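These protein sequence lines map, in sequence, to chains A and B. Okay, so the first sequence: first residue is 8 according to my numbering, each after it adds one. Okay, so the second sequence: first residue is 8 according to my numbering, each after it adds one.
In short, the hints are calculated from the structure, not lab data. Since we're looking at a predicted model, the values are computed, not measured. Incorrect hints may appear among the rest.
Pairs involving identical chains hold if they fit within one copy or between any two copies, as the list cannot separate such chains.
[To be verified] Restricting the straight-line Cα-Cα distance to at most 25 Å, the calculated cross-link-like pairs of lysine-lysine (DSS-like) are:
| # | residue 1 | residue 2 |
| --- | --- | --- |
| 1 | Lys310 | Lys193 |
| 2 | Lys90 | Lys309 |
| 3 | Lys276 | Lys73 |
| 4 | Lys310 | Lys73 |
| 5 | Lys309 | Lys193 |
| 6 | Lys90 | Lys310 |
| 7 | Lys276 | Lys309 |
| 8 | Lys183 | Lys310 |
| 9 | Lys212 | Lys90 |
| 10 | Lys183 | Lys212 |
| 11 | Lys276 | Lys212 |
| 12 | Lys310 | Lys278 |
| 13 | Lys278 | Lys212 |
| 14 | Lys183 | Lys193 |
Chain residues, written in single-letter form:
2 protein chains.
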Amino acid sequence: VSITRRTLLTAAAVSAAGSVASGKSDAAAATVARSQGASASLKPYRHRRIATEEAFTTPALAEAYKILGRTTTSSNLDIAFMKSIFDDPTPGSIRDEFRRRLLDLDTERLAIMDESGVDMHLLSLTIPGVQMFDADTALDFSVSANDALAEAVRRHPTRFGGLACFAPQSPRRAAKEMERATQNLKLNGFIVNSHTNNEYLDETKFWPIFEAAEALGRPIYLHPRSPSDGMAAPFRNYQMSGSIWGYAAETGTHAVRLIFSGVFDRFPKLKIVLGHMGEAVPYWLWRLDFMHARRTAEGMTKKLQLTPSEYFRRNFAITTSGVESHDVLTYVVNVLGVDNVMWAIDYPYQPTQPAVAFMDTAPLPPSVLAKVYHQNAERIFHLV
Amino acid sequence: VSITRRTLLTAAAVSAAGSVASGKSDAAAATVARSQGASASLKPYRHRRIATEEAFTTPALAEAYKILGRTTTSSNLDIAFMKSIFDDPTPGSIRDEFRRRLLDLDTERLAIMDESGVDMHLLSLTIPGVQMFDADTALDFSVSANDALAEAVRRHPTRFGGLACFAPQSPRRAAKEMERATQNLKLNGFIVNSHTNNEYLDETKFWPIFEAAEALGRPIYLHPRSPSDGMAAPFRNYQMSGSIWGYAAETGTHAVRLIFSGVFDRFPKLKIVLGHMGEAVPYWLWRLDFMHARRTAEGMTKKLQLTPSEYFRRNFAITTSGVESHDVLTYVVNVLGVDNVMWAIDYPYQPTQPAVAFMDTAPLPPSVLAKVYHQNAERIFHLV
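Can you make the complete structure from the sequences, with help from the hints?
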């Protein structure tokens, strides 16, 4: 993307900015744009671009996933994903490209970032992370993956941030690793891939994990994986278990379970990040509120301190990963507020250039674009 | 609602109309409003109000549901719903009110409609319809329920339309009943409550049902029920199986299965109606398209004639039932087009007056409001 192209794209975004109810008028937006040099000045402004859901893996985990992909004794839906990517995919296929790019933290990744003017990847271990191993193995893998991640950030401190993984199989040891990863390794937060052995994090045995995240002041990115065994059946046809549909059903359900469990009354400062435009939870806020209020009034359900939508706006933030629709972007900025939406590519699963173009042409005022492109991520993940 | 109040509400809607990208400018919208008398003329215009997802049941089915609610040998999630409503709910409770209102087709229902200026209920048998009985029993119940529905429409021809139920347990006999219900009984289309015995309608054994609907030129309303047994597990906590979350996961998944199965290549004129703002499928159109295109390019999946979003805009229409959010309404009108969205209350489960106020204050131009309030329903359901 040339400077000239960027300037044009920014100008287009400014001219379209009036259609979002952000509190900025067209005129105000244009003023901000001018003060930032978006009109044809000598040094056009472009926003810092921090992509917040960018995957990697380690050679040891890639090898372990390859073995898991060959098991015939599990009906877990993620097995097929691991097999397709890590078990010698056809050279030149997109699965082969995914595998190569997941393992690279120094060359092709940085070149692709440079090509599209992406300043930073907030890195996180790709699905299913360490969540399909026994507790001891998972803990060991989480330590070594976090060490490798911290090492990559140290090699490229201006280009990478990192979200630490942890092993929910052993919640108290997970909390210790979360502390080490942020205090010692200086990683920026945490990532977990939805269910672990078909159990969800609202179960109180997992709450030491939330206690640690809240105490450390760092968010947990609740990343998808395929539906747990207990909800898998209708997703086994038409390859519906993954990114095309199943991820959202699984992860949205997990997020709603967290809300109704009362996790956020116990940990009011806990911050959960959802990818994929919030896994459709933002679409349902009105209905969640209405039905929860009725059930509470009827004494049918546990009373919570806030409404579901209040928790969603206070305790969640979302990213744009894998949903490059301006209609959805406008919707979530309006409904959740300008401080709760962050940009993400979902590298290497989504191509970088379209994800940048999606943002550069977004009908948002520059002040809002700045929040989504980098300021919200800087605040939420403590990125510098 | 007095004429004066209606006038004010319409005027408010007109003044807010500019914020939706419907192709109508503020000025054009105001012109339409004036020509329709929305300004303070002597005879203020109000749109005809056709509510399209309005539930009823018959005494025989209410009695059968009461018995089913007492079974201890089924893990089906709808059992609890049936027990709560049909097994002698606490007098004065909202469940008691639901039961009473479901059984009434002549008095309280019409009074509530009149109170809020609702012209017509498009009636349909409440969940789980006839879908939890053996094939013969289900067929018998479908015939008697459709007869009762047609009788109610004959008693109140200007106030009611009706969607016929059918028994998917026996697809060829269902097709015959669908023919009888539209040709002989003059009902307006069909309703089915998602899965039947944990099977989804994309399975080819059910396709005689789609063949009949297409040949008869009438839509099928794909109404929710709770998640099928194979996806039920994570919905068993926090009462998440019903309207608050599970209905959408179940029914959205069903709709997406229909798309990927190729049903709409075989039956290109088939029309499916989804309630609850499309069960979130409209939120996912970009991702469905992107992932399906990639999989098709990689030869990983069945090739379809259209993209998922093209099917959704061609073969689906949605209603507003149970989601009274102007943000969502604006989103779906923009994304699906003004001809694909219809108003619904979800009587008796949602209160009528707020559902009317939601529409009367909607930020839509009067021409679009007219389509959502009645014109689209008139066209899609052949209502006069």
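Next item on the list: Using 25 Å as the alpha carbon limit, work out where Lys276 and Lys73 are close: within a copy, between copies, both or neither.
Entry: Answer is neither: 38 Å inside a copy and 45 Å across each miss the 25 Å cutoff.
Next item on the list: First find the shortest C-alpha distance between Lys276 and Lys212 inside one copy, then the shortest across copies, and answer within, between, both or neither for a cut-off of 25 Å.
Entry: within (19 Å within a copy, 52 Å between copies)
Notebook entry, point to check: What label fits Lys310 with Lys73 when the C-alpha limit is 25 Å: within, between, both, or neither?
Noted result: Classified as neither; 46 Å inside a copy, 29 Å across copies.
Check: When no copy is specified for Lys183 and Lys193, does a C-alpha distance of 25 Å or less occur within a copy, between copies, both, or neither?
Finding: Within. Shortest intra-copy distance 14 Å satisfies the 25 Å Cα cut-off; inter-copy 68 Å does not.
Notebook entry, point to check: How would you label the pair Lys310, Lys193 (within, between, both, or neither) given a Cα cut-off of 25 Å?
Noted result: neither (38 Å within a copy, 47 Å between copies)
Check: How would you label the pair Lys183, Lys212 (within, between, both, or neither) given a Cα cut-off of 25 Å?
Finding: within (15 Å within a copy, 54 Å between copies)
Check: For Lys278 vs Lys212, is the C-alpha pair at or below 25 Å within one copy, between two copies, both, or neither?
Finding: within (19 Å within a copy, 47 Å between copies)
Margin query: With identical chains, the pair Lys309 and Lys193 could be close in the same copy or across copies; at 25 Å between alpha carbons, which is it: within, between, both, or neither?
Written below: neither (38 Å within a copy, 46 Å between copies)
Notebook entry, point to check: Within a copy, between copies, both or neither: where do Lys90 and Lys310 come within 25 Å Cα-Cα?
Noted result: between (44 Å within a copy, 23 Å between copies)
Check: Between Lys212 and Lys90, at a C-alpha cutoff of 25 Å, which is it: within one copy, between copies, both, or neither?
Finding: neither (31 Å within a copy, 32 Å between copies)
Check: Is it within, between, both or neither when you check Lys90 against Lys309 at 25 Å Cα-Cα?
Finding: between (42 Å within a copy, 20 Å between copies)
Checklist line | 25 Å Cα threshold - placement of Lys278 relative to Lys310 | finding: within (21 Å within a copy, 41 Å between copies)
When each numbered hint is compared with the structure, violations occur for hints 1, 3, 4, 5, 8, 9.
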